[in-house]
Amino acid sequence: MAESNTETARPADPVGRALHFCAYALILVGGFLMAALTVMSVISVLGRYLFSAPVPGDFELVTMGTAISVFLFLPYCHLQRGNVVVDLFLSWAPRRVQVFFDGASGLLLAAIAGVLSWRMAFGGFDMYRYSEVSYILALPIWPVFPVAVVALALLAASCLYTAVRDFRDMLR
Amino acid sequence: MSSFEIALLGIGVLLVLLVIRVPVAVAMIAVGAGGYVSLSGWLPLLSYAKSSVYYAFSNYDLSVVPMFLLMSQFASKAGLSRALFEAANTYLGHRRGGVAMAAVGGCAGFGAICGSSLATAATMAQVALPELKRYNYSGALATGALAAGGTLGILIPPSVVLVIFAIAVEANIVTMFQAALIPGILAAVGYMLAISVYVRVWPEAGPVGDRAGREERHRALFKTWPVILIFVLVIGGIYAGVFTPTEGAAFGALGTAIIAVWRGGLRLAGFVECVRGAAISTGMIFMILMGADFFNAFLGFSRMPLELAEWIGAIALRPITILLVILAIYLVLGCVMDSLAMILLTVPVFWPVIAGLDFGMPEADLKMWFGIIVLIVVEVGLITPPVGLNVFVINSMAPHVRLKETFVGVLPFLASDAVRVALLILFPALTLWLPHLLN
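In the order they appear, the protein sequences are chains A and B.
One point on numbering: in our numbering, the residue at position 60 of the first sequence is 60, and numbering is uninterrupted.
Position in the second sequence counted from 1, then plus 1000, gives you our numbering.
Everything labelled a hint here was simulated from the structure, so no lab data went into it.
Treat the hints with care, as some may be off.
Below, a list of computed lysine to aspartate or glutamate pairs in the DMTMM-like style, where the Cα atoms sit at most 20 Å apart [what the hints assert, rightly or not]:
id	chain 1	residue 1	chain 2	residue 2
1	B	K1133	B	D1210
2	B	K1050	A	E132
3	B	K1050	A	D126
4	B	K1133	B	E1405
5	B	K1404	B	E1204
6	B	K1050	B	E1310
Chain A extracted, bound-state conformation (with noise of 0.2 Å):
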């Protein structure tokens, strides 16, 4: 299953830094966000059945705070080296090679964590626009697509990095 717990070394240079700090403050945010929908939702059940008062649109709460939170997640995993590899059939070439395909790897979702930064600003756009809500609480749907943006584009430039680092690897 996908889980580590290990800590990849903190980059000295200062653009890794920069980069590290931010995405570190970003599963923080996410994080203590996520304890507390959870601590909501334990509040919502006992008040449902107490006191036949659950906390109003505690569902819609509980999904767009994850939304919000899984995006928060995305550049500290790739930092991490977190995203999942079938790493069997290049443990044999040289590591030289098997550094070459990360940065290529790196390049390619960094190309598409922009794409998608781009395209959720316009999304986001779109909601605002047409004034999308969600069901019972009526809560714009809109402010969920700046944090994508900004998030995805961290990722976008955490993927950079990764590449350029890989690649001076390689040719060291």
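Please arrange chain B on chain A, whose structure you already have, making use of the hints.
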């Protein structure tokens, strides 16, 4: 090129990308987006990308995933693994191979509050490996039992992989969890039987431990009450429909957090560490979900899975043969691939094929039966070479045992897995009885 051919080409490109170490999520997004463009052009893709990821992530059923991961993190820091192991040991330790059986029992207990395999294996190993060494158990049996025992974490509900399977085939998560319980118990019993056969052949591998009196047993069992309480509250509540799986997971996360603070000495630094661990796992899983969203959009557009299902339905093979072929494919893929990624990658193709065949049961039952069998088969990959993740983790925690020994030690448990899969295929009632009873 027909859309069927484009889909096949896409799958080929995807496999090549995976071989050259492109992350699974990235490969799926790239191929999905490329295929989408070749079938319908750039503009639809760019418009799809405006909100598709938001919709993929904002699904109430999915919010159970980060909460279960948080629960698993707190559970590993709650100091419950020792209580579980010792309770199992007072009941089983006096038998030959009993301490290893206790390790399996502890894993089963821990799996009841933890939804992931690696966390279960690693947490139990911290407690059980030193004990197994103290009783002079062979390194192969000790590490093999724990690596295999870890897979119980995923089979016994709660289970993150099962949630993902349920979402992928649009099944009810609650009945899915109900279906997993009996196969999970069977797994634990089967692993213990495997140990007892093993020590009958090689008695020196698993010497007898201490015999505990009745009172000592009760006292040890009583110490596991937080685990029992959380399991009954969370899984019982989900089974009975008192709350949704997400709300159950919230209770579980809060409950394990309280016990981690109270018994495990969890403080702010540890709390942040738990949040960080859960965040990384969540990020990985949702990256793959994002990939699956693009890849499935492409496959759906091509209608390839439906045509394939029709084509397979038309050839005169018995359904069971096709099921076995699919399971064989999972077995091979499982040796090199993460189980969750594998399920998200293959279910959109394999599920329509299975759903189109006549196994003599309604579709809702078929989802449970097929899901549980697939879950077991993909988890086998965690304990087989070349990338048996559980084996690597447990082996790294036991410096005196060689990697080869651990892989040998896992063999009896693989045999037990094979017997269990055969039983579940032959007797669907093992899976379906409980969900039918409860609904």
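Practice problem: Take a quick look at whether K1133/B and E1405/B sit within 20 Å of each other, Cα to Cα. | Solution: The hint holds at about 15 Å.
Quiz item: Regarding the pair K1050/B and D126/A, is the alpha-carbon distance no greater than 20 Å?
Solution: This hinted pair holds, its Cα atoms lying about 9 Å apart.
Practice problem: Would you mind confirming whether the straight-line C-alpha gap from K1050/B to E132/A stays at or under 20 Å? | Solution: holds (14 Å)
Quiz item: Is it true that the CA of K1133/B sits at most 20 Å from the CA of D1210/B?
Solution: Holds. K1133/B to D1210/B sits at ~14 Å (cutoff 20 Å).
Quiz item: Can the restraint linking K1404/B and E1204/B be considered satisfied, given a maximum Cα separation of 20 Å?
Solution: holds (19 Å)
Self-check item: 20 Å Cα cutoff - pair K1050/B, E1310/B
Solution: violated (34 Å)
When each numbered hint is compared with the structure, a violation occurs for hint 6 only.
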